[in-house]
Each structure stands twice: as structure tokens, then as C-alpha cells.
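A.B. asks: Protein chains in written order, with our numbering: chain A, 1 to 79; chain B, 80 to 201; chain C, 202 to 1256; chain D, 1257 to 1493.
Hint data in this document are derived by calculation from the structure and do not stem from the laboratory. Only a predicted model underlies this, so the values are computations on that prediction, with no experimental measurement involved. Mixed in with the good hints there might be a few duds.
What the hints assert, rightly or not - These stretches of chain D come out as covered by chain A in the derived footprint (C-beta under 8 Å, 3 or more residues): (1) 1385 to 1399; (2) 1469 to 1479.
To be verified - Result set (DSSO-like, lysine-lysine): computed pairs, CA atoms no more than 27 Å apart in a straight line: (3) C:K1030 with C:K1040; (4) C:K1002 with C:K1080; (5) C:K1002 with C:K1073; (6) C:K796 with C:K1206; (7) B:K200 with C:K1229; (8) B:K200 with D:K1258; (9) C:K1229 with D:K1258.
Yeah, the Cβ is synthetic: ideal placement off N, Cα and C, and Gly gets one too.
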Amino acid sequence: MMYLDLLVCLVLVLSGVAAMNTRNLVSAAVMVGVVSLLVSYLFLRMGAPDVAMTEASIGAGLSTIIFLIAIRRTEEEER
Amino acid sequence: MNAVTPATLYLVTAILLILIGLAGVLVRRNILKMVLGFALADTGINLLIATLGSNPERTAPILDKPELLANPSLVVDPIPQALVLTAIVIGLGVTALMLAYVIRLYALRQSLDIRDFGRLKW
Amino acid sequence: MVIDPILLVAVPLGVAFLLPLFSKLGRTAATAVQGLTIVFTALVAVSWLPGLLDGSLAPANILTGGYDAPIAINLHFGLTEAVLCLLASLTALGSLSYLSVREDEHTIGRSGLLQLLIMTGAFGLIMTRDLFNLFVFLEIASIGTYALVAFGKEETSLEAGFKYMLTGAVASIFLLIGIAFLYKLTGTLNIDDMVGRMPPAATAGLATVILFLLMGMAIELKLLPVNGPALDLYDGADPGVMALLVGTVVNGVLFAFWKIALLVPGTWDTAIMTLGMVTFVGSNLLAVAQDRPRRMLGYSSSAQIGLLVFLVPLVQQGTVALAGAGLLLINHTLAKSGLLWLSGKHAGETRREWTGAFAGSVVMRTALIIFILAITGLPPFPGFWGKWQVLSDLMAGGYGWWALPLLIGSLLEFVYYYGWYRYVRTPATSNVSARPLGGASDLGGVVAFALAALVFGVWLMRDLPVMGDRVLVFLTGVGLVLTLLRRLPRVVLAATATAALGLAAWIMATGGGFDLTTPSGLFHLLIIGAGLLVSIAGLAGSSGTGERFHGLFLIMIASLLLLVSTDNLLLFFVAWEVMTWTSYLVVTSGRLGAKPGQLYMVFSGAAGFLLLGGFMLAIGAGHTTITGLGLLTGSTAAWTWGLLVTGFLGKSAAWGLHIWAPGAYSEAPDLFTPFLSGVISKIPMFGIAMVAFRIAAGNLPAIGAVDLTWLLALIGGLTAFGLTLAAVFQEDAKKLLAYSSVGQVGYIVVGLAILTPLGWTAAMFHVVHHLLFKGLLFLAIAGVIMRTGTRTMYEMGGLIKRMPVSFISVLIGIIALSGVPPLAGFTGKWLLYQALLAKGWLFILVLMMFSSVVAFIYMFRLIHSVFLGQLKPRHRDIKEAPLPLVISEVLMIAGVMALAVFPQLLLNPLNAMMHTQFGLDALRIDGTVLTTMSGHTLNATGMMVLVLVMFVAMFLVLLLVSPPMRKIRQLDIGFAGEVPPPAEEIHFASRFAQPYERAWAPFLKPRATNFWRSVTENTGGVIEAVRKIYSGNGQTYVLYPVLLVVVFALLGLGR
Amino acid sequence: MKQILSVVLLLAMGWFLVGLVPLGQPTEPGRVAQHYIDNGIDENRGANLVTSVIVNYRGFDTLGEVTVLFLSVAGAGFVLRRRDGLVRHEHRPSSEILQTGARMLFAPIVVFGAYIFVHGHLSPGGGFQGGAVIASAVMLLLLADRSHHLPHGLMHWLESMAGFGYVMAGVAGLVVAGSFLSNQGVLPLGTWNRLFSAGIIPIIYILVGLKVGTELSSLLDVMIDTGRPARQEGGRS
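Next comes chain A alone, as it looks inside the complex (with noise of 0.2 Å):
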């Protein structure tokens, strides 16, 4: 399980400096929205399911809904 923990933490940061790395703000937002998830599987694994819905919902969910919406309504690269 040790193993799974190091790997999702990895994968977290990686899409982390990802999401501030890319050009296309479409995918950094679906990429802040990845480590949002993966936040929420760490929640699970360290018994705080309240926590990890939230962050499901809200953190992963909605927040990406809203930042795809304004993305729609600005730019979609940067510039």
C-alpha cells in the first residue's frame, strides 16, 4: 500500500507542475482537477471519507466545471 501512496503522491505533483506548465488552459484545469482526485483517494486512505467526497465533489467536480466555464468565456491558450 506503501508502494500506491508514493506512486499516486508522484503522479500528483507531476500533473500538479503539469497543470502550471501547460499552454492550454483547458488542460490545466483538468489537470488541477486530476490532483484534486487523487487528494480525495489520499483522504480515503487516511480514513477521512467525508473529506474525500468533498474533494470529489467540490474540489474535483465543480471547481473544474467552473474554471472549463470561465476558460470558455476568456481564452483558451495562453498567450
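Got chain A sorted already, so can you dock chains B, C and D onto it with the hints?
C.D. replies: Just chains B, C and D now, with coordinates in the frame of chain A:
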């Protein structure tokens, strides 16, 4: 390497997320990207708080089984979880407001570059 | 009956949730519901106040969730919370009325909700005792702020709001890190519980945790240098929104910081105090360079918050009384909200665009100056009492050095606030910018807060003995009424003032207030007498526009009477500061008085702070009375004496500090200048004699071989010499008299510095005499200016036939001034020279004699250029000065003559006075014969007779021998086909003293002016460089907090 | 240049943060947490201790949290209130299948959301999670049919009443037990692990769920809607 506990792993990850997020805020000039950076840092903070209450030897603070009810000391501290819940919702609120600002600022200048929004200074 | 304070949060929240439904009923309904809610919250706070104040009610501990802390979240409601909540309610109420008339079609029904929730967030911040709950309410207040700042001016407010959000988000991150780890360390979130469970300060990592917590708060508090976005908000958002924030969120965050500071180990105290003080001084310094009043208010807010942050550790460790900090906070809330509301009522963006603002509105002008006086910490407003308390406590607690930056920062506030007000007082050339915005319906908050500041400040004085003094209360009351009713006809104002002063004089005379053998009695007579003369002359009215100073004049006289009679350092300083601001306002009411007025105020402010510094040293040594100053010894005595004397010299415009004087004297209203020169400039002399010299001269160490009193005399001598010289080259009659006045004060300084009975007699004699003859000169010249409409001497001439009384007044005045027999000027100089001789200060003696000679040059011009020579054609129909002015002049002539013929009338009481002061007599007086202790004699009356005989004889001789006079036509000048140069170049009186200019050149360099200019320029350069840190880039603003964290961590603070 | 400085500073800050890692290792729960673990069931009868903490012990926080959400939705609406200059998107009608699918899915998702917050005191989840689920159903509807208009009147009413109800539930505690948001004596606490138990906790969590659901829906509506012309002009004529 046996010193690396799950808590250490989570905390370091959380700190990295905070730093990556703030780096996005400080280095990327696109205001939408800056908001994304804050969202990332917020996630990191949430992970950090939750980790502070975690204990791999205990289970979730839901006493829905008689054996847990008999021995409540098997569950983890519920307070940090409650705090994280609140923090997540507040984070969403702040993000929503920031995005509303981004949309309006874009309508104002047709640009998302932070440097275009510095008329007031000194 | 008290109301459960939990309803402070519950009721507005419930209403806020329902508000979207209410707004369907219409805008008025929603606003009414909101207004009622805020009134309710104010009532909750008010219901607790009396009980909490007199101690009959214990502070409430409010539980939520049914359990006590730390199990559940609890709130605390004591006096501090009640006051803060009341302030928040009142500001919210004012803002509601202010913003509701400014709503456009897009904001209707929406901004109200945000306002209500911002207020509620502040209540929560103020009351909660739970660390995380504090964070939640902080977010409520912040998010409300982020949204509401989008109210109003589109572009700027959005930019500012977004940048503000960015730094706010960083603050949240820092705070959460701090809160989470503190919970981990203590196992609780309740602040009071946490205090007892904090690990030892040396615990590894604790310093970092505290650092994040503090830096999060620093961002929320807008301390230097993380206050950039806040400044942008003041600049870009609607001022009404900012006013709301000042009263709610800003105070709430401050109190939240107070609670968080409870958790911070004492090792951080110095760091917090430094950060606060750096913010206070730095923000004030940067504000000086700010040309946009609203942004300037932002800097000022940062500064005030910095000051309060500085005080937090001191109050918590018990060094400074909570009341001191509380008064500063209340004062700031009232004044800053008021200023912001007012700033939104004028369209000006830059200070220049504020020229002549609110000229049409007595209410707004009065409110504006009340707020400015309050925020610059002048009495009687609450900030003054707060500052005094804080300073005294700092001195008593051994933190005396911190008073220095505090005073410097306060002086900077003078510079920019009165710099702004200078533009307001400058008459507008066009009427466009002077139109107030938004009508009068939103002025409720402004008027209420101005009244609150005044009434609360006066209420704080209730226990001071001054409130029992009938004359003072009466004069101040009448003065206040006249100030507010200053639109009444001028004659009515002057008559009321005269009557009030007459009544005051009568009361004082029957009460023995004019005992000339005491310094107070002598000054009482001078103040009331000169005041009456000015008021009588005021009956004439004047051509000037702004001369409606009678109300302020009465307040000023009350303060002067208090100043010369009190033994209490606090009361002396109160009176001093009231004198300063009343005289400043009168000076600026002159037609061109705004600019010199600013300079006057800044120098007076500096003088005031020097005095304050001196008093604080004495208070730190345990003395609160003027008499107590005599017990000071050692270096405290020397420093106190030095600060006091420098302050007094600054106010009296001694050489080097004189650059404000000529402008202020000459641009003050014509009728006020005599008082300024005759009385106000003598008050510092009273101070030097009766306050500074309470410190025994024997206790003053010498600097090297130089005696401090000799140094003082030298400054006096240089003043007399330098300013007399400058007077010679003036073309402007009033300016000439102004320089002359300041120069004459130099004589008094010398007399006092001699510190012998004879020297002091000379000084006091000159005080009285100078008041009489200089008042006479200024009044006569005022009459001439009133009739001719000019102050330039070469534009006058030949007025002797048209204005004979004025001519005689000036003639007598200059004879008295020059010190030639037979008038009392000679007696005065004789006394001074005798004293100098007896003391052996020959260099000073030479300097004084030389100045006297130079004075002839300018005095001659006054009579020659103005009254003799050809009458200008346009002055052909000129009349004598108006009767009230003539009456005043005749009264003063009588005084001058009386002093000349019977100097013993004054010298006898002075002799008695010196006997009390020194235990020695100054003179032996037999009838009219004066004999000094060293045996020199002078017979004033005899001399008068002698001079008269000689004069008549010479006159007859001249009449017999001189050829008959020949009439010359005025334009009897021929030109050989050349274009005539401008009249001023050929007029005989123009540049009259030019030949001397080259001879005196080395002495005439404007050294003082150049010095002060280079000071301002250099400071300005530094400010310009520093304020570039506010680059306007939101990203940079986010960087600063990170930078600050790293720097502080690297410094190892708190470990 | 500034970028490099930023990164260096962040690394330095990170270094100090990593210094805190030893403080974050697992420890026994603190005094307060131990009280919740030991007495939580006795005092509130809710099996889910997190819910007890959120709704009862730290209920005041949660009220604030709901307010934050309410405030940010209102704030976003306030900031986006002016329609000038905003980008407008063409509303391409989505495919028939998507629209029908969305309508069919709507009800089950809402019911699922309601289930989550009704059982908040028994199992993981509660008002916030349930509310978010409901909002996702609304979002589905909005995305599938951009011209779909939410029943704003009903939503506003529901939102206001849920919020007001929450405050009233708190006041009920104040009146009955003398403490705002108290769970003692307002409603019977019932038996552990039953649906009808835990006093007013489920009531409050239902109100929170309704409020959060409607608020998040309005948020999505505000964010999506403002691109369109004002309702009066673009109405269904």
C-alpha cells in the same frame, strides 16, 4: 528510508503542491493560470490539514459498528476533517469569485495578462 | 435590559438570507429592512455599554452548540467588543445611506446584501474566541470585501479588487498553515485554551508556525510592504465602500490580530512593534508624496493600523493602557470614515483638482476640518487623548525611544493632511471642480461622525479642571456657535465677539484675573486687551473675503487664557495645540492664506511635537506639572530644556526656523495679523520664561565651553539681526512688518536668556510695548490696505492728507519701534542694554545695537513711501480708515504714550514679579526715575520733556531758515523718445534699498530657505524611490508576503 | 529576473515548511478530540462524528461556511452584473439524445444527492457533498440545453428559506437550551445509528444540503448565464 512514514509522504506532497501552486501564481502572467495556481495550493493546504489529524493505526471517525462504539479509541481525530471540509467549501467560494473577476477583467481589456491590470500604482 | 450578543450574528445572517426575497418587494423595502437590522445590532451593543462601562455587567461568555469552550465554539462580549461592534454598526448605517443613493441599475438590491454580510463578518471576527472560526469570519469579511469593491468605477475598482484578492488568498494559505499546526501542537482551537497549552517558545518549528500566522495577519492588516493592493483599493474603489471597510473589517482584523497576538510568545514583541512602527512612519512618509487624496487616505490608514499593531504587544504586557490604543482606534474610525465619505463627494482626483472644494458648504467644510484635526491628533478630539496616554505610558514603561518615531510619523501626517487642506482652502478659479457630488441626502454619516468625534472628545475632558472655568467654557461655547453660524453678517459676528470678550474681561477683572505682578495676570490682560481691540476693529468689516474668524478667535483666546494660567503639563499642551489649530485656520482664511498656512501648520506642528517630547521626558521622570519641571536634574533636565526651548523658538520663528513667518503674517487676514504678531508670537516667550526656565539653569550642562543660555541669546540676537535685515528689502508693507515682528521677538529672547531680573524686566517690558506699537502699525497698515487695495508700498504715497490718523499711528509706531527717545522704545532698549552689560555679553550687545540701527532703514520707508510724496491719482478720493479701526488705533496710541510717560505703571508690577521669580529686584523706581542695581539711572518723563523742548526748538529754526516750498506737477518728467519703463522701475520708492543689497549680500543669502528646500527635496527623492515598490503589478504584490516570510525566517525572529 | 527571485524565495519558504514535517507526525488525539470520540455518541447520537463536529460542536463554523458560499455566489453575481463587453457564445443546441439523457438523469441524481445529506449523520457525506451532487445534476441540465431556464423563483425561495431555517434552528437551540445551535432538547436525540436520530443534526444538514445545492446551482447559472443577453431581450418570443 524506513523513517518515511505515510504522514511524512503526505506532508511533503502537500508542501510541494503548495509550492507548485504558488510558483504558478508568481511566475505565470496569465491571471486564469494564477487562479489555477491558487486552487492547486488550496488542495495542498487541505491535504496538509487532513494529514495532521491522520493516524494509520486508526479508522474513520464514524462509529457505525458496535465494536467501534465499544472502543471509540480506534478512530482518528475528527476535528481536522471538519476543518478541511470547511476549507474546501471556502476555497470553492474564493475560486468562484476570482473567476468572476477574471471574466470581467477580460471583458475590460481583452487580455489575461496581469501586467495589463496595473494602472493604479505608487 | 441587555440583548444576547449572539443575535449580532444570527439576526443579520437570517435577514441576509431572506434579503433576496425582500428585494422582490422593492428597493425601498429591502433598504428599510437592512437599515432596521443595523439599528438593531447597534442597539444590542448600546444595551451592554453602560453596564460594561461602570462594571455592573460582567463580560458575556456566549456558548454555541450547547457546550462551553473548548468543546464548542464560544464568543466573548466585553467592553472592547461592545465598542467595536457599535462602531461597526454605526459605520454600516452611514455607509448604507451613503451607498444607497449611489446605486446604479446594476447594483440595486445586491450591494446591500454584501454590506450586511461584511458587517456580520466583522462582528464574528470581533467576538469569536475560536481560532478557526476567526478564519471563517475573516473569509466572510474578505469575500464580502472582494465583491463589494466592484461597486462603482468600473476599471480601477476591478483591477484593485482582483489584486486585493490575490494577496488575500496568500494570506489565507499562510493562516491555515499556522492554524493547522497550532491545533496539532495544542490539541485545541479555542484561543484562551490554547494560550495555556502553548509549547515552550524554544520548541522546534514553533517559530515558523507563528511566523506564518503573523504574516497572514500582516497581509490582512495591510502592513508595509504588503499593503499595495489595499492602497489600490482606496484609490480605485468607491470611497463609501472603503468607509464601510474601515469601520468594520479593518477594526475586526485588528482585534483578530489582538487575539492571535495572545498566542505569540513574548520573544516576538520587538519584531511586531518594529513592523508596526515601520509601517506607521513609512506609510506616512510615502503619503507625503501622494498627489491623489484618496490614495493618500489609504497610506494614512496603513499608518494608523501600523501604530495600533505596534501597541498590541505593549498593551498586552501592560505597559500601555488599553484606553490609549482604544481612543486611537475610535478616533481613526470616526475620522477616516468621515474623510472617505467626504472624499466621495468631490470629483477631484488629484489634490490640484480639489482646489476650492466644498466652498459653498459650511457643513462639509466644517466636517472636513474636524476630521483632519481629529486624525492629526489635535485636541479636543479623541486621538489627542489617546496619543497623550500612549506616549505617557511609553515613557513610564521604559519604551521612551519609541516615542521618537511616533512623533516623527505624526508630524508627517501634518505635512500631507494640511497639504491637502491647503488646496481645499485655495479659492477655485473656475467653479467646475467645486461642485459636490451626490446632493446632501447622504451627508448623515458625515455630520454624525463629525459631531461624534467632537462630543466624544469633549466628553473625555469632563474630569479636567478646565471644565469648571466659566470664562473658558463661555468663550469656547460662544466661539463654537459663531464658527458654525459664520454666514451671519460680519458686523453681527464682530459685535457678538466683542460683547463676549467684554463680558469675559469684566468677569476676570472682578475675579482678580489681571494681577500684573504675576506673569499669568500680565498675559491675561494682554490677551483680552488685544482681543478686544481686534474685535472692535472687526466691526468695521473688511474688503477681504474670508475674514469671518470671530468664532475661532474666541476659542483661540480661551485657549490662550488657559495656557498662561495652568500649571498642568497636559492642560498647557492642550491649550497650546488648540491655539495652534485655531490660529492656523484663521491664517488660512486670508485670501491667499492657504499656502503659507500649510507651512505655518507644519512648523507649528513640529514645534508642538518638540514640546510634547520635552513634556514626555518630564512625565517619564514622574513630573506632571510645570512646577515639577524644576525638580528635573542631569541629562533629563538638559534634554527637556533643549526640546522645550527649540519648540518655543520654532513657534516664535527664531532665525533658521523662521521661513513660515513672513508668509503667514502677511497673508493672514489683515485684522488678525496684529494679534498674531502681538500676542501669538509672545506666547512662546511666556513658554520660555515660565516653562522652560522652570528647569534651573544651574542644572543645565554647558556644551564644551558654551553656556546654553548664551547660545539661546545668540539665537535671539541672530533672529533680531537677520530678520531686521530681511525687512529692509521688502516692497510689501505687511511683509515688512512681519519680518520686523519676528526680529523684535529676538530682543525678547535675548532678554529672557540673560536670566537676571533686569533682563527679564526688559523682556517683559518689550512684550507689552511691542504688542502695543506693532499692533498699532499693523492696524494702521490694515486700514491703508483696506482703502488702497494694495500692499505694495510704491503703489501708495501721499496718503498723509487723506488718512491723517493712520499717519499719526504709523509715525508713533515707528518712533516707538526705533527706540529713540522720547517713547518707551528707548526705555526698553536701555533696560536690555543695561542687562547685557551687567551680564557681560558684549558680542550680543553689539549685535542688538547694530540691528537697531538697521531697523531705521525700513521704518523710514514705511512713513516715507506710504504717507509722504505724491498722492496717486487713483487714491484721490480715498477716505480715512473706518471708525472702529480708528478707535482701536487711538486706544493703542494712548497705550504707547502712557508707557512712554509713565513706564513705572508697568515697571512697578514687573519689579514685584521679578521679586517673586528671582527673589531680587530688577530696578529701584522712584517716581519716574529708574535706577539699575549697578547704579545707572533713567528718567523717562524728564527725557520726554527734554526731547519735546529740543524738537520744538529745531522745528522753529528750520521754519525760519528753510526756503519756501515749491509745488511740482506730478508727471513732470520728460523722456527723449524712449518707451517709458514700467512704473515700478522708475518710482523712487521701488527697490528703495537696492544700494544696500550688494553690501549685505553675504548676509542675505536665503540660507534657511535653502536648507529647508534641500531637506524637502532630498526626502522627496527618497520617497519617490521607495514608493516604486508599489509597482501596480498584482504578481509583485503576491511576492512581497513570500519575501517577508523568508526574510523573517532567515532572521530567526522569535527564536 | 523576478521569476528567478520568485522561485528562489519559494524554495526557501519550502525549506522552512519542510522543517515542520516532524511536527505533523501522528499523535494521540488532543483533549478536545478525545472528548468528541468518547462522548460524541452520548451527546449527539450521530454515528458520524465528523457530522456531529460540523453541525453541532463547530456548527457556528458551518453557518459561516454556508454564508461564505452564499456570499461568493452573490459576489460573483455582483461582479458579473454588467453585461457590456462580456463574451457571448453561440448556443448550439445539443443533440436530442444528450438533452433527453440529461432530463432522465436529473431526477435520480437529485435523489442521490438528497440521500447523501439525509444520511449525513450516519454515513460519510452530508449537506455539502449532497448539495454538490444536486448542483452537478443542474449543471448537466444547463450544459445539455443552454436555453434551459432554471426556475429562479423557486430556487431563490428555497435558498432563502433553507438559510433562514438554519438560523432559526440555531435560535431554537438558543430558546430551548440557552445556546445558539444547541442540540439539547430541541428534538429528541433518538437512538444511535437510526435515520431519525441525532436531534436537529439531520434537519440542519438537510437545510444545508438544500442551501448548498441551490447556491451551487445559482453559481453555475451565474457563470454560464451572463454570456447570454439579458432575459427580457432574449426571451422566448
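A.B. asks: Take the hints in turn and mark each one as holding or not.
C.D. replies: Hints, one by one, checked against the model:
1. 1385 to 1399: Our answer is that it holds, as 6 residues pass the Cβ test (under 8 Å) against chain A, meeting three.
2. 1469 to 1479: holds (count 4)
3. C:K1030 with C:K1040: The hint holds at about 15 Å.
4. C:K1002 with C:K1080: holds, 10 Å
5. C:K1002 with C:K1073: Distance of about 12 Å is within 27 Å: holds.
6. C:K796 with C:K1206: holds, 23 Å
7. B:K200 with C:K1229: Answer holds: B:K200 to C:K1229 is near 8 Å, not above 27 Å.
8. B:K200 with D:K1258: holds, 18 Å
9. C:K1229 with D:K1258: With Cα atoms ~15 Å apart, C:K1229 and D:K1258 stay inside 27 Å; holds.
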